[in-house]
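A.B. asks: Same order as they appear, the protein sequences are chains A and B.
Under this note's numbering, the first sequence is numbered contiguously, ending at residue 119.
Under this note's numbering, the second sequence is numbered contiguously, ending at residue 920.
It should be emphasised that the hints constitute simulated quantities derived from the structure, not laboratory data.
This structure is a prediction, so every number in the text was calculated from the model and none was measured.
Each hint should be verified, as a subset may be incorrect.
When the alpha-carbon atoms are kept at most 25 Å apart in a straight line, the in silico SDA-like pairs for lysine to any residue are as follows [to be verified]:
hint, chain 1, residue 1, chain 2, residue 2
1, A, 106, B, 866
2, B, 869, A, 97
3, A, 51, B, 807
4, B, 846, A, 15
5, A, 60, B, 833
6, A, 106, B, 844
7, B, 860, B, 819
8, A, 51, B, 846
9, B, 846, A, 71
10, B, 846, A, 84
11, A, 106, B, 818
12, A, 106, B, 896
13, B, 860, A, 3
14, A, 106, B, 870
15, A, 70, B, 908
16, B, 860, B, 888
17, A, 71, A, 43
18, A, 106, B, 822
19, B, 846, A, 111
20, A, 51, B, 851
21, B, 869, B, 814
22, B, 869, B, 832
23, B, 846, A, 90
24, A, 106, B, 819
25, A, 51, B, 847
26, B, 825, B, 866
27, A, 106, B, 885
28, A, 70, A, 47
29, A, 106, B, 848
30, A, 106, B, 850
31, A, 106, B, 891
32, B, 846, A, 13
33, A, 60, B, 913
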Amino acid sequence: AQSVTQLGSHVSVSEGALVLLRCNYSSSVPPYLFWYVQYPNQGLQLLLKYTTGATLVKGINGFEAEFKKSETSFHLTKPSAHMSDAAEYFCAVSDQASGTSYGKLTFGQGTILTVHP
Amino acid sequence: GAVVSQHPSRVICKSGTSVKIECRSLDFQATTMFWYRQFPKQSLMLMATSNEGSKATYEQGVEKDKFLINHASLTLSTLTVTSAHPEDSSFYICSASTSGTKTQYFGPGTRLLVL
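Generate coordinates for the entire structure from the input sequences, incorporating the hints supplied.
C.D. replies: Next comes the structure, spelled out in structure tokens:
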């Protein structure tokens, strides 16, 4: 079984400040990890993903995340927030099931990011 | 690349009627498509997984006779909400993935309102 916990349903930062959105996961198999962003009344857009290899993953719009196996974490960061970053962010883990051609996603509860001028 | 569309984007229907939502992968072949529903201020809940040419696999608690899923081609999956009721009102989102990437690409969602 898999699960994802996003600490903090709401995060508020000032424009130009560091963004840190926390995600912890549990998985019985090596996980694939994802961050998605959702703007109001829209679907989800992939920000970045970790599958194997380098643990620091860079994504779109200046976001990056680091996979820390010992801490079972995959926190999302951005050095300097922009007003356009205001949205809801979802962390997800995939059940990289052997022998299947797809991965079922389990999502966290989501974190709403507010950016103040 | 990896664009997924949904149609319609918004639909209002009367209680008891059926509604069909289409999900298309526009620039890739989707071996697997997923259907989610999202209630206001909540996360996405997986309803079912469908592989092209096979019957869909439904999550526990999802009524397969109420939410009919068809994945007839590598670029199209449909979700039909049969005999819709007001409690079926929700935001329905599909996603698609290919056999190699194990990455899901999401459609823009369909807002269903049942009166």
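A.B. asks: Would you pick out the hints that fail for this structure and give their numbers low to high?
C.D. replies: Hints 7, 9, 11, 17, 18, 22, 24, 31 contradicted; others consistent.
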